[in-house]
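Engineer: Could you build the full structure based on these sequences and the hints that come with them?
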Amino acid sequence: MKILSRYVRWLLLPCLLALLLMLADRLWPLPLAEVAPARLVVAEDGTPLWRFADANGIWRYPVSPEDVAPDYLQALLNYEDRWFWYHPGINPQALLRAAWQDLRGGEIISGGSTLTMQVARLLDPRPRTFSGKLWQVWRALQLEWHLSKREILTLYLNRAPFGGTVEGVGAASWTWLGKPPSQLTRGEAALLAVLPQAPSRLRPDRWPERAQAARDKVLKRMATLQVWPAKQVEEILQEPVWLAPRQVPQLAPLLSRRLLALSKQQKIVSTLSAPMQRQLEALTAGWKTQLPPRTSMAILVVDHATMKVRAYVGSADLDDDSRFGHVDMIRSVRSPGSVLKPFVYGMALDQGLIHAESLLQDVPRRFGDYRPGNFDSGFHGPVSVSEALVRSLNLPAVQVLEALGPKYLTAALRNVGLQLRFPPAAEPNLSLVLGGTGTRMDEIVAAYSAFARHGKAAKLRFLPQQPLQERRLLSPGAAWIIRRIMAGEAQPLADGVLPAVVPLAWKTGTSYGYRDAWAIGVNPRYLIGVWVGRPDGTPVAGQYGNASAVPVLNQVNNLLMTSPVFRGNWLPGDARPASVTAGIICWPGGQPLPAGDSNCRQRRQSWLLDRTTPPTLLAVGQESLAGLQQPIWLNEAGQQVAADCPQAHAEKVIQWPLALQPWLPSAERRSNRLPESDPGCPPLRSGNKAPLLMTGLRDGQLLHRLPGQATLTVSVSVQGGEGSQRWWFFDGNPLAEADGKASWSLSLSDAGRHQLTVLDEAGEVAAASFELQ
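Residue numbers (the numbering used here): 1 to 773.
Warning: the hint list may mix true and false statements.
DSS-like cross-link-like pairs, simulated, lysine-lysine; straight-line CA separation at most 30 Å [unchecked claim]: (1) LYS220 to LYS179; (2) LYS459 to LYS267; (3) LYS231 to LYS220; (4) LYS231 to LYS179; (5) LYS149 to LYS179; (6) LYS231 to LYS217.
The following label-pair restraints were derived from C-beta to C-beta distances [said to hold, decoys possible]: (7) ARG753 to GLY496: 36 to 46 Å; (8) GLY568 to THR224: 45 to 55 Å; (9) GLY568 to ARG421: 30 to 40 Å; (10) ASP699 to GLN491: 26 to 36 Å; (11) HIS326 to PRO275: 22 to 32 Å.
What the hints contain is simulated information worked out from the structure, not anything from laboratory work. Glycine residues also receive a C-beta, built at the ideal position from the N, C-alpha and C atoms.
Structural biologist: Below, the structure is given as structure tokens:
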């Protein structure tokens with residue numbers, strides 16, 4: 001029994017010891033989790049963009065053993081802990097040797113620490129005392145119980161101190177050498193292997209001689225252990241310690257903040273191109289000096305083949321508080337100006353409302369209380385769809401949107417991620433196509449991808465793991481036609497002549513009051529968004545798309561297309577879809593007519609979608625299409641007669657829309673397009689209203705002010721037309737003081753060319769262009 005009880009005691013002792021160790025492990029767990037860990041945003045190639053330090057101001061570049069040069073691991077393990085892969089966390093022989101050296105020297109000479117023990121000290125720092133060393137041993141044993149050797153090595157690679165606020169070999173490699181740790185040479189590997197022993201004393205930027213002496217010690221150890229060839233080590237010993245200028249990650253700060261919410265990783269890998277981001281930030285810094293005070297700028301570049309965001313400049317200067325540099329203008333809601341017009345025309349093509357050369361009306365119109373004008377404060381009369389888009393004319397865009405429907409446009413854009421914001425309780429209206437709404441640059445640029453992706457708009461990708469998501473916005477044919485028009489290739493050409501690679505297609509926008517200047521471009525490889533303005537919404541006189549944003553767009557496009565790195569070895573083409581054909585149509589009807597037909601007043605070549613040629617789109621409230629094509633009756637002499645006159649036969653004369661009369665040549669106006677009447681059997685004209693006529697000013701008139709007089713007063717009046725209400729416009733701007741008046745006095749003071757226009761309730765217009773000297 002005594003022998004049995006002795007065996008029981010010997011069995012209970014290990015069990016009790018194991019229970020005590022388990023209890024201690026529960027009571028003092030390893031402090032592996034950080035409350036607020038350091039985080040880092042990197043470019044797609046791994047280049048650090050921006051760092052977010054931890055609570056102690058430390059920043060790291062997370063790496064794994066596979067991310068580090070094998071030579072560094074060789075130098076580290078052979079110099080610090082040759083038996084790392086074999087010991088249980090402590091090396092008894094090294095501890096005894098260190099204890100003997102410390103006792104003999106009367107001070108701490110050697111710590112005898114393994115890499116595991118060094119990791120334990122980094123995770124849970126303790127004083128360098130005997131009790132502190134015991135605690136370090138305990139933590140080392142815990143590490144070996146809970147983690148694999150690879151995981152412990154990874155902790156060392158990311159926690160080892162390298163001087164200042166730099167921890168980990170990844171951050172050290174980028175900070176001191178300006179390169180990823182995977183590209184370390186053997187000399188650099190030896191230097192970084194020894195720096196953690198005394199990071200403050202060996203900092204290579206402050207003490208290069210000390211750092212070189214420590215590096216050489218490692219190199220000689222590697223030669224002694226025959227890990228590296230002695231001859232090669234001798235050659236490396238001749239090399240001085242060379243440091244690149246200290247690299248502090250300072251690229252894409254606003255995107256980096258944005259990505260913190262998209263990823264929980266400590267190292268967030270973005271889709272950005274570090275070289276492109278660096279060049280565009282330098283470009284923005286150059287433009288900043290030319291911008292008005294308190295004005296900022298934003299640039300966004302996206303590869304439309306993959307929808308990866310390649311460059312993201314959210315403000316002119318993050319540190320410039322006077323320009324609100326901390327505000328990310330790529331995510332800010334702003335008025336888009338005219339940049340939505342291509343979507344209006346593209347959807348109207350798909351709806352069969354227009355073709356590329358459809359006749360539109362750039363004339364004064366009133367939509368309830370809304371009276372839009374053009375940016376140049378004038379009107380141009382008959383224009384084509386392609387001309388209206390290229391010149392960014394407002395009235396034709398409103399005319400097409402009126403037929404398409406503002407709610408339809410808003411819903412279609414929302415379906416692909418482009419949110420149009422309106423005031424509370426407000427509904428989409430015609431003003432949205434001229435900037436009467438709010439949206440964001442990133443959403444606009446993403447929607448413009450439809451013109452490069454055969455009609456499908458895709459979401460932006462900020463992280464490589466984000467899937468490509470796209471939705472249909474336009475048909476491939478409509479997207480192709482609109483892109484060609486914006487690229488200056490509206491004129492149909494044969495496939496053998498038409499370039500397969502589309503040049504830069506672009507659209508400008510200017511919001512009300514010169515608050516926002518836009519330029520959105522689609523080149524063969526990239527989508528480019530440029531915004532210029534004041535983040536606080538203050539107007540800036542003279543700031544508009546063509547003047548402020550287009551020069552930046554062109555410079556960015558030239559940079560992307562001339563650099564072999566950004567341009568690539570080949571450029572993707574955009575072949576003409578089978579649904580797009582070339583055709584010849586006639587104005588004013590808008591459809592094909594046989595050669596020699598007198599109703600073909602202008603013959604125009606046009607891109608056609610699905611071989612359809614819709615007739616001329618008339619504005620709401622104007623005469624019907626049938627009214628433009630009403631038949632007339634002629635006698636044998638070609639004179640107009642009544643339908644019941646002897647030998648009368650019917651002919652069809654297609655007239656120009658009534659609102660275009662003031663801009664037509666004299667021969668094209670209605671009174672001259674119709675044959676003279678037969679006095680013996682005149683046609684019936686019952687119900688025809690008198691034409692709208694302006695008196696007091698003649699088209700093309702030259703006016704002179706009297707000597708010594710600053711102003712000239714001209715009496716103008718109007719007669720004829722329909723209804724009692726009249727609306728007057730001077731240089732495209734409404735004259736509220738003259739509305740409703742049939743006659744009034746116009747006071748002129750500014751020399752130059754001007755235009756006076758009057759509009760009646762039927763939409764008929766009378767206009768006079770004149771010059772004041």
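Engineer: Now tell me, hint by hint, if it's right for this structure.
Structural biologist: So, going through the hints one by one against the coordinates:
1. Restraint check: the Cα-Cα separation between LYS220 and LYS179 comes to about 25 Å, which is no more than 30 Å; the hinted pair holds.
2. Simply put, LYS459 and LYS267 have alpha-carbon atoms about 23 Å apart, close enough for the 30 Å limit, and the pair holds.
3. Taking the CA atoms of LYS231 and LYS220, the gap is near 11 Å; set against the 30 Å cutoff, the hint holds.
4. Restraint check for LYS231 and LYS179: the C-alpha separation of about 26 Å stays at or below 30 Å, so the hint holds.
5. Note on LYS149 and LYS179: the hinted pairing holds, with a Cα-Cα distance of about 27 Å set against a maximum of 30 Å.
6. About 15 Å separates the Cα atoms of LYS231 and LYS217, which keeps this hinted pair within 30 Å; it holds.
7. Separated by about 44 Å at the C-beta atoms, ARG753 and GLY496 satisfy the suggested range of 36 to 46 Å.
8. Checking the proposed 45 to 55 Å range against GLY568 and THR224 shows it holds: the Cβ atoms sit about 50 Å from each other.
9. The supplied range of 30 to 40 Å is met by GLY568 and ARG421, whose beta-carbon atoms lie about 37 Å from each other.
10. Under the hint 26 to 36 Å, the C-beta atoms of ASP699 and GLN491, about 30 Å apart, fit the expected range.
11. Between HIS326 and PRO275 the C-beta distance comes to about 25 Å, which sits within the given range of 22 to 32 Å.
Violated hints are absent here; each numbered hint is respected by the structure.
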